[in-house]
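> The residues making up each chain are set out below.
4 protein chains.
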Amino acid sequence: MGVDLNLQAELDIIAIGRACIDLNAVEYNRPMEETMTFRKYVGGSPANIAIGISRLGLKAGFIGKLSDDQHGRFIQQYMADAGVDTSHMVIDHEGHKTGLAFTEIKSPEECSILMYRDEVADLFLYPSEVSEAYIKRSKILLVSGTALAKSPSREAALKAVQLAKKNNVKVVFELDYRPYTWESEAETSVYYTLVAQQSDIVIGTRDEYDVMENRQNTKNEKTVNHLFQYSPELVVIKHGVEGSYAYTKSGKIYRGKAYKTKVLKTFGAGDSYASAFLYALIKGKDIETALKYGSASAAIVVSRHSSSEAMPTVQEIEKFISERSEEKVVNR
Amino acid sequence: MGVDLNLQAELDIIAIGRACIDLNAVEYNRPMEETMTFRKYVGGSPANIAIGISRLGLKAGFIGKLSDDQHGRFIQQYMADAGVDTSHMVIDHEGHKTGLAFTEIKSPEECSILMYRDEVADLFLYPSEVSEAYIKRSKILLVSGTALAKSPSREAALKAVQLAKKNNVKVVFELDYRPYTWESEAETSVYYTLVAQQSDIVIGTRDEYDVMENRQNTKNEKTVNHLFQYSPELVVIKHGVEGSYAYTKSGKIYRGKAYKTKVLKTFGAGDSYASAFLYALIKGKDIETALKYGSASAAIVVSRHSSSEAMPTVQEIEKFISERSEEKVVNR
Amino acid sequence: MGVDLNLQAELDIIAIGRACIDLNAVEYNRPMEETMTFRKYVGGSPANIAIGISRLGLKAGFIGKLSDDQHGRFIQQYMADAGVDTSHMVIDHEGHKTGLAFTEIKSPEECSILMYRDEVADLFLYPSEVSEAYIKRSKILLVSGTALAKSPSREAALKAVQLAKKNNVKVVFELDYRPYTWESEAETSVYYTLVAQQSDIVIGTRDEYDVMENRQNTKNEKTVNHLFQYSPELVVIKHGVEGSYAYTKSGKIYRGKAYKTKVLKTFGAGDSYASAFLYALIKGKDIETALKYGSASAAIVVSRHSSSEAMPTVQEIEKFISERSEEKVVNR
Amino acid sequence: MGVDLNLQAELDIIAIGRACIDLNAVEYNRPMEETMTFRKYVGGSPANIAIGISRLGLKAGFIGKLSDDQHGRFIQQYMADAGVDTSHMVIDHEGHKTGLAFTEIKSPEECSILMYRDEVADLFLYPSEVSEAYIKRSKILLVSGTALAKSPSREAALKAVQLAKKNNVKVVFELDYRPYTWESEAETSVYYTLVAQQSDIVIGTRDEYDVMENRQNTKNEKTVNHLFQYSPELVVIKHGVEGSYAYTKSGKIYRGKAYKTKVLKTFGAGDSYASAFLYALIKGKDIETALKYGSASAAIVVSRHSSSEAMPTVQEIEKFISERSEEKVVNR
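Read top to bottom, the protein sequences are chains A, B, C and D. All residue numbers for the first sequence refer to this note's numbering, where the first residue is 1 and numbers rise by one. All residue numbers for the second sequence refer to this note's numbering, where the first residue is 1001 and numbers rise by one. All residue numbers for the third sequence refer to this note's numbering, where the first residue is 2001 and numbers rise by one. All residue numbers for the fourth sequence refer to this note's numbering, where the first residue is 3001 and numbers rise by one.
Just chain A, same shape as in the assembly (with noise of 0.2 Å):
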């Protein structure tokens, strides 16, 4: 894969950012207003990706901040029971809660999320609370951008990186560009070209590569150029429905083709995509592989109704691939 790993390392993954709670309208294609009951699952992109690898049977851990209250136990005790090493997993003790989201699905093409995201335990996670040995004990710390989008999350998250790149981990950096936390595109722009810029695997939607640089409708190949002339070995660039490009340092292209499914909702896609891309990269398989597995993964996650619970396990995705070889599905 062009990104030597460090196979000593006792945990596969390590992932930094925000570990929240879902509600999912439990009686949906209709408008939330209509929607009387909400069902609680474990949410948030570097979470979501946590329990994926974890379900994949890899070995993740997770750096993040809970809420000292009834939805903070309740994350920590599923990410747990799903797998995940929590022992880095700090509480809140100034009294922030746990970020929400309340999924609305009008049809499986009309999703839109209500986010509660002020304050939140999450966006509170202190960069001494980063752990240089801890990191150490990874191959791989995953950065998701929602962390770097309020301090001291953000220096905590930064920390995270360079303490990765002097001890030998790799960094992938998940864009995962959530606006109603920004400040400002242009506030984006500088940490998301920051932390590119320093990790060795970038992966995000063309839409949140066109926040990064701050422009509209790049070209891939600008944004590979301008990667390239730093840290990043690999690059993948989702394009929804017409499938994903991986790219790689030494010039190679791969296309991965999106899977076509019934859709129950659009969310979690790109956690799940992430989660098995890097699960058979971790395992050395090659690019092409890992693109049908993130396909995969994500065509199975859309059509559940959770992110989380939601993640498959191997078995489901290798049935999923041989069931589609020839097959196309929508991907986000």
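Some hints here could point you the wrong way.
Cβ-Cβ distance ranges computed for the label pairs, FRET-style [said to hold, decoys possible]:
1. E2110(C) to Q3077(D): 19 to 27 Å
2. I1091(B) to H93(A): 31 to 39 Å
3. G2095(C) to M36(A): 46 to 54 Å
4. V2241(C) to G3057(D): 53 to 61 Å
5. S2112(C) to H3093(D): 13 to 21 Å
6. P1108(B) to R30(A): 31 to 39 Å
7. S3087(D) to V241(A): 45 to 53 Å
In silico PhoX-like cross-links for lysine-lysine, where the CA-CA straight-line distance does not exceed 25 Å [as the list claims (entries may be wrong)]:
8. K165(A) to K3249(D)
9. K136(A) to K3283(D)
10. K3319(D) to K3283(D)
11. K165(A) to K3319(D)
12. K1106(B) to K1150(B)
13. K3222(D) to K222(A)
14. K2166(C) to K1166(B)
15. K2260(C) to K2222(C)
16. K3166(D) to K222(A)
17. K1222(B) to K2136(C)
18. K2165(C) to K1219(B)
19. K257(A) to K219(A)
20. K2136(C) to K1166(B)
21. K3166(D) to K249(A)
22. K1165(B) to K2222(C)
23. K1165(B) to K2249(C)
24. K2059(C) to K2136(C)
25. K3136(D) to K166(A)
26. K3166(D) to K219(A)
27. K1222(B) to K2165(C)
Keep in mind the hints are simulated off the structure, nothing from the lab. Keep in mind the model is a prediction, meaning the values are calculated, not measured. Cβ atoms here follow ideal geometry from the backbone N, Cα and C, with glycine treated the same way.
Could you slot chains B, C and D onto chain A? The hints should help.
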């Protein structure tokens, strides 16, 4: 009742303050960590009181601020359907969210609330959004203590009190103390004292009056002697299962007993009490009868799942009173 | 004067609010850009009034908060040396700075102030730092309007008013409106109305009363008719060079003329007016005499470089009045 | 010097960061409480350096934000008169004030500063106000550490670094650590490490490098070994009266001695050092000579009253060096 209402006024009561969302545990009698589904209701003390009074057949209005999203629209629609005049519920355009209350019912005796109140829309009602012409149209202005917790909602409520007094609209102050929204008890004491001194009727629990006085275990006599030097004509002090006391400026004391009932949860008791008590006063009933209405309404609501949807009709209250004419019930 | 003071009280007046630093242009009659040297004085309306009253031989105290630095220590020493009781000036331990006012004197008619008021120490006086025992020791509590501009100073001032009223200490409200510290005129109006209604004496310029009423060009009669429905016994409305009017609840109206003088700058006129006017009232002089004292004191201060150090003695005021018994002077 | 400058670039240096007001004690050698008069100068490390470099005959520009008031206008005029290009100093329209520094000179050894830095204009430079076209016009971008202390100035400075690197403009990082503007040393360490790793030249005191490393008493060798793994070519570490050391990536070490002089105050030593040191480098002088220029310039400035106006000319520096060719002087 010692309080002369302007009988010409078109609206019986206008409540000012918060209208929020309650998310009540569907699976209860367990810790919230184990509750996976939540049911959505309108909540917030003054909203509950306005809905309760409408349910009893009177004409209620509301001054408040709603988020510009699905939760805000749900609240406005629900209250309008319940008969509340929502013409002065303004929409927030600064991105603030609706306040949330996740209710945990471990047992009928162990209920707690997980609150989302950071920067919520109701606290961003501006004094310029309070209309003198509207307040003039009502017999009573009901101020909820929580509306005083933060600026600019604080100034909006203080202005409403000034306009009510100027226009001979009676002011009812429901102490409704929620510690998490205030900087300190010293701050609460300043504003509670200020508004209580200017109100015609004050309603609260013994604990809430202690917060107002920034002191512990004050005798009711001391509390009412202080307040009767100012505007109040009627002071109601609630003592939980021991019932409630109503004091008049003319020196009369009335005791209301609490009805025993099968308690599902304790939330909503105070709001249902206030709405039925005020209903009776507005209808010209004597204070003893009003205390009975309040207790009966509270007993009915605590046996049901919600605080707003559970509000009883006059028929239900009167049937309850006649059935239990000899009993005593839990009232909070 | 229609205001009965508790003659047993040890202190004549306690002022609550800000004590700051003025940095007055040493080279004046030019734009501040061209002023290279600034002279340091104690400033801030209530501090100036306390110093002015002490200079006149009465006993003044002060409730306020000082920065824990050289400026804070200078203020405390200067006020103590001026005879003010500084035992209730508390030191800030949260890192807040002293407020600053750079004064620009382009010409006697064109004076402006460049203010540093962001997060300054005086606005962080907490209600818990206001002592009932101290307030009881005074005949008069003087509240400066600017103390109401932000929490927690706002609550400290409101609490002081509550304690004064409870203990029969007369409340004087000096409107002292400074737009930069307030969120909006609607907010100012709410608190100015609140405190004015509870005060015994209100002093301000016509413009300041307009802010209180959130209206423009109100007639004095309308203003005083409103206030006399509440606590005020005496209302002073200043009209700049046209002089000032004092209205009593009993229906009397007095006009004070402004003395003509050689004006160096206009700053400090209001504070020197208030201190001499209140001095005369406390000394039992009639209102006409008090108005003269106020005008004379203002005329003396505007001819000098500072606002605090310039405060005149009784001898200076009386000499001035006798010399100018026929003249009219600029008074703001 | 190991740093290849783009000799075609029109400007020699662009500094980014704060331009403020110093208020220096006119009566000194005493506590500030006893100083009654203050003299106004332009201050702030990057402004002083830009002025110093202009005084030496080079072409300096400045990127920063100024208050929309007399102080802001004074700064812009003073810097323009000093020859600095002020075309990219933008005016704040959000009401922020100019930062202030009151200097206390108790004795030449006991100098302290009373800072006004809350919400000051220079910290509100937005990344969108940093122009790539402008940065391209310079040989060097000088970043002052304090510009990184708060958003959005932090993002503006980070963006400037990204644009400089992209356009082959050399980056000089002057650590300029001021504790009061930062949340924590952990936060400072993250950003100092980030920018130092991306700079070509880093200049600071031993104490400032300790803050960067979030460690105490590190050996210089450890510091430079770390930095030379990244972009830096030249690292200058200052040790006060013991002089300064310059390390090059190629392994050379140079020691500069401090000149003995009659010290009036210690302020301004670092800024005058940096401007003369960079002047010499830009002029193509060797590092040993540059260290002498830096020390001489510092020695001259600490013997004078201000930091900006005191900046020496080339003739003064060269005369000083030739006169003191054998001496050692205090340099901070």
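> All the hints need checking, so say for each whether the structure fits it.
Against the structure, the hints:
Between E2110(C) and Q3077(D) the beta carbon distance is about 20 Å. The supplied range of 19 to 27 Å therefore holds. Under the hint 31 to 39 Å, the C-beta atoms of I1091(B) and H93(A), about 36 Å apart, fit the expected range. Taken as a hint, the range 46 to 54 Å holds for the pair G2095(C) and M36(A), whose Cβ atoms sit roughly 49 Å apart. A hinted range of 53 to 61 Å for the beta carbons of V2241(C) and G3057(D) is consistent with their spacing of about 56 Å.
Range check, S2112(C) to H3093(D): about 19 Å between beta-carbon atoms, so the 13 to 21 Å window is met. One distance hint, 31 to 39 Å for the beta-carbon pair P1108(B) and R30(A), holds here, with the actual separation near 34 Å. Roughly 48 Å separates the CB atoms of S3087(D) and V241(A), a value that falls within the hinted 45 to 53 Å. For the hint pairing K165(A) with K3249(D), the CA-to-CA distance comes to about 20 Å; that is within 25 Å, so the pair holds.
For the proposed pair K136(A) and K3283(D), the alpha carbon gap of about 45 Å is over 25 Å, so the pair is violated. Between the alpha carbons of K3319(D) and K3283(D) the distance comes to roughly 18 Å, so the proposed pair stays at or under 25 Å and holds. In summary, the hint linking K165(A) to K3319(D) is not supported, as the alpha carbons are separated by about 48 Å, beyond the 25 Å threshold. The suggested pairing of K1106(B) with K1150(B) is violated, with an alpha-carbon distance near 31 Å, which exceeds 25 Å.
Taking the CA atoms of K3222(D) and K222(A), the gap is about 38 Å. The hint is violated against a cut of 25 Å. Straight-line distance between C-alpha atoms of K2166(C) and K1166(B) comes to about 24 Å, which keeps the hinted pair within the 25 Å bound. For the hint linking K2260(C) to K2222(C), the alpha-carbon distance of about 30 Å lies beyond 25 Å, and the restraint is violated. A C-alpha spacing of about 14 Å is found between K3166(D) and K222(A), which places the hinted pair at or below 25 Å, so the restraint holds.
Proposed proximity of K1222(B) and K2136(C) is supported: the alpha carbons are some 21 Å apart, at most 25 Å. For the suggested pair K2165(C) and K1219(B), the alpha carbons sit about 22 Å apart, so the restraint of at most 25 Å is met. Restraint check for K257(A) and K219(A): the C-alpha separation of about 19 Å stays at or below 25 Å, so the hint holds. For the proposed pair K2136(C) and K1166(B), the alpha carbon gap of about 31 Å is over 25 Å, so the pair is violated.
The suggested pairing of K3166(D) with K249(A) holds, with an alpha-carbon distance near 19 Å, which does not exceed 25 Å. Between the alpha carbons of K1165(B) and K2222(C) the distance comes to roughly 17 Å, so the proposed pair stays at or under 25 Å and holds. Annotation: proposed proximity of K1165(B) to K2249(C) holds, straight-line Cα distance about 20 Å (limit 25 Å). Proposed proximity of K2059(C) and K2136(C) is supported: the alpha carbons are some 14 Å apart, at most 25 Å.
For a cut-off of 25 Å, the pair hint linking K3136(D) to K166(A) is broken: about 31 Å separates their Cα positions. Proposed proximity of K3166(D) and K219(A) is supported: the alpha carbons are some 19 Å apart, at most 25 Å. As the CA atoms of K1222(B) and K2165(C) are separated by approximately 17 Å, the hinted pair is consistent with the 25 Å bound.
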